[in-house]
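**Q** For reference, the chains in residue letters:
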Amino acid sequence: MSGMARNKDVIALLPDLRRYAQTLTRNTADAEDLLSSALLRAHEHRHTYQPSRSLRRWLFAIIHNLFVSQRRTRLAEQRRDGALADLVPSGAPATQEMSALLAQVMRRFDTLPDNQRAVLHLIAVEGMSYQEAAETLAVPIGTIMSRLSRARRVLRGESPVDRSHAELRVVGKVHHD
Amino acid sequence: MTDPIGEIDLTAYVDGELDDERSAQVEAYLADNPACAAQVMRDLHIKRVLRLNIRGGTGGITTPEMMANARRLDRSLSGRSRGIPSLALMAALVVAAIVPLSVTRLGQDNAASAKPSYLDDAVRAHRAVVVRERMQSQPEAPRLDAEEILRTIRIRVPRLPDGWEVKDAQIMPSAQGPALLTSITTRDGADLFLFAVYASSTAPAEPIAIQHDGVNIAYWQEAHTSYAVIGDASVGELDRIADDLEDNDLV
Numbered sequence: 001m002s003g004m005a006r007n008k009d010v011i012a013l014l015p016d017l018r019r020y021a022q023t024l025t026r027n028t029a030d031a032e033d034l035l036s037s038a039l040l041r042a043h044e045h046r047h048t049y050q051p052s053r054s055l056r057r058w059l060f061a062i063i064h065n066l067f068v069s070q071r072r073t074r075l076a077e078q079r080r081d082g083a084l085a086d087l088v089p090s091g092a093p094a095t096q097e098m099s100a101l102l103a104q105v106m107r108r109f110d111t112l113p114d115n116q117r118a119v120l121h122l123i124a125v126e127g128m129s130y131q132e133a134a135e136t137l138a139v140p141i142g143t144i145m146s147r148l149s150r151a152r153r154v155l156r157g158e159s160p161v162d163r164s165h166a167e168l169r170v171v172g173k174v175h176h177d
Numbered sequence: 001m002t003d004p005i006g007e008i009d010l011t012a013y014v015d016g017e018l019d020d021e022r023s024a025q026v027e028a029y030l031a032d033n034p035a036c037a038a039q040v041m042r043d044l045h046i047k048r049v050l051r052l053n054i055r056g057g058t059g060g061i062t063t064p065e066m067m068a069n070a071r072r073l074d075r076s077l078s079g080r081s082r083g084i085p086s087l088a089l090m091a092a093l094v095v096a097a098i099v100p101l102s103v104t105r106l107g108q109d110n111a112a113s114a115k116p117s118y119l120d121d122a123v124r125a126h127r128a129v130v131v132r133e134r135m136q137s138q139p140e141a142p143r144l145d146a147e148e149i150l151r152t153i154r155i156r157v158p159r160l161p162d163g164w165e166v167k168d169a170q171i172m173p174s175a176q177g178p179a180l181l182t183s184i185t186t187r188d189g190a191d192l193f194l195f196a197v198y199a200s201s202t203a204p205a206e207p208i209a210i211q212h213d214g215v216n217i218a219y220w221q222e223a224h225t226s227y228a229v230i231g232d233a234s235v236g237e238l239d240r241i242a243d244d245l246e247d248n249d250l251v
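The listed protein sequences correspond, in order, to chains V and G. All residue numbers for the first sequence refer to our numbering, where the first residue is 1 and numbers rise by one. All residue numbers for the second sequence refer to our numbering, where the first residue is 1 and numbers rise by one.
Among the clues, some could well be false.
[Said to hold, decoys possible] Below, in silico cross-link-like pairs of lysine to aspartate or glutamate (EDC-like), each with a Cα-Cα straight-line distance of 20 Å or less:
1. G:LYS47 / V:GLU158
2. G:LYS47 / V:ASP110
3. G:LYS47 / V:ASP33
4. G:LYS47 / V:ASP16
5. G:LYS167 / G:GLU206
In short, the hints are calculated from the structure, not lab data.
Full structure from sequences and hints, please.
**A** Encoded structure:
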């Protein structure tokens with residue numbers, strides 16, 4: 001099927017894109033706004049898309065960059081902080097026996113710094129490799145790893161302060177795509 | 001002499017980012033350090049809980065404006081994507097990122113050898129629909145909304161050749177999740193059933209036609225979706241029909 005026009009790829013990606021927007025904004029209405037703006041921006045910048053690269057990661061990166069630049073205005077953040085008590089849970093209702101732990105994990109996830117939440121979402125929810133997450137967020141792979149370590153400490157209920165003396169080094173396979 | 005195991009190694013282990021050698025070293029270390037092993041299990045658990053919960057969320061509805069924007073972007077990009085790595089390859093890359101690497105490596109080369117398990121679901125769905133069609137009280141649903149199907153169950157419907165008509169389109173259960181079974185009348189008046197489910201399988205990219213469980217069936221996969229065509233036609237004829245469908249654009 002190579003050489004064929006690929007229609008409706010973006011439509012098929014909408015659930016993934018919305019999920020990422022929801023994780024970043026922690027708010028359904030803001031997520032919808034972010035996704036709408038990202039689709040518009042992607043259209044405006046369509047000539048920067050290199051067809052040899054992953055459409056999914058290109059769109060994830062646009063959402064992320066837009067989120068970061070919007071956050072700089074601080075307006076959205078103030079609104080969010082004001083409404084922290086009304087946070088929409090990020091996911092589906094849990095079964096009863098899971099709900100206590102789940103609620104705790106989700107609450108801690110929602111309180112992570114934006115950049116740690118973004119990394120954990122790409123790795124844990126979207127199943128990206130470290131290399132893919134690094135390309136999507138345009139940061140070195142070591143940054144991905146240290147953000148993940150810090151995020152996991154918080155989710156385990158530990159202090160986010162770095163307690164490890166392990167020096168950061170790149171481990172694992174080198175991913176090419 | 002091996003490097004000491006640090007927190008970064010444990011994190012990379014949780015995410016399947018270590019090669020076999022380093023994974024083995026981490027596992028040996030964990031076997032001797034129950035507290036660290038418990039922490040790794042906790043991290044794995046949290047990772048899965050996050051994934052289940054966030055992926056399971058409804059996450060709002062797609063507004064018409066959103067669809068229009070997505071459609072426009074698709075149109076503006078599809079003109080730029082001819083002659084480049086196929087969507088199937090992209091899907092494979094995404095799958096490779098999700099599936100543990102060892103599994104992906106094993107699965108790559110012998111993809112065409114095994115009969116995919118979804119053929120049984122296709123045959124069962126076909127039987128149910130044949131029964132439906134004989135019943136007065138079970139109305140047919142001849143309107144095939146390809147966009148809604150893509151949006152809800154992620155299945156891409158191949159564009160049908162001119163003169164083919166959809167008689168009925170039903171969502172059917174399958175082991176891989178909701179599947180689509182479309183009953184079609186070809187231009188020559190023959191009955192044909194197209195089964196599709198959003199899942200990778202051992203089906204090849206080029207269709208194969210065989211006899212399976214008493215029916216003639218052709219099957220293939222494309223863009224992370226597995227397809228099967230069932231009909232009264234001969235195996236050879238079905239193979240040709242499946243080739244045509246596979247060559248057509250996905251709607």
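**Q** If a hint holds in the structure, say so; if it does not, say that too.
**A** For each hint, the structure was consulted:
1. A distance of roughly 16 Å separates the Cα atoms of G:LYS47 and V:GLU158; the hinted pair therefore holds under the 20 Å criterion.
2. Of the pairs offered as hints, the one joining G:LYS47 and V:ASP110 holds, with about 14 Å between alpha carbons and a cut-off of 20 Å not exceeded.
3. The straight-line distance between the Cα atoms of G:LYS47 and V:ASP33 is roughly 27 Å, outside the 20 Å bound, and the hint therefore fails.
4. Taking the CA atoms of G:LYS47 and V:ASP16, the gap is about 17 Å. The hint holds against a cut of 20 Å.
5. Under the criterion of a C-alpha separation no larger than 20 Å, the hint pairing G:LYS167 with G:GLU206 is inconsistent with the structure, at around 26 Å.
In this structure, the hints that do not hold are numbers 3 and 5, in rising order.
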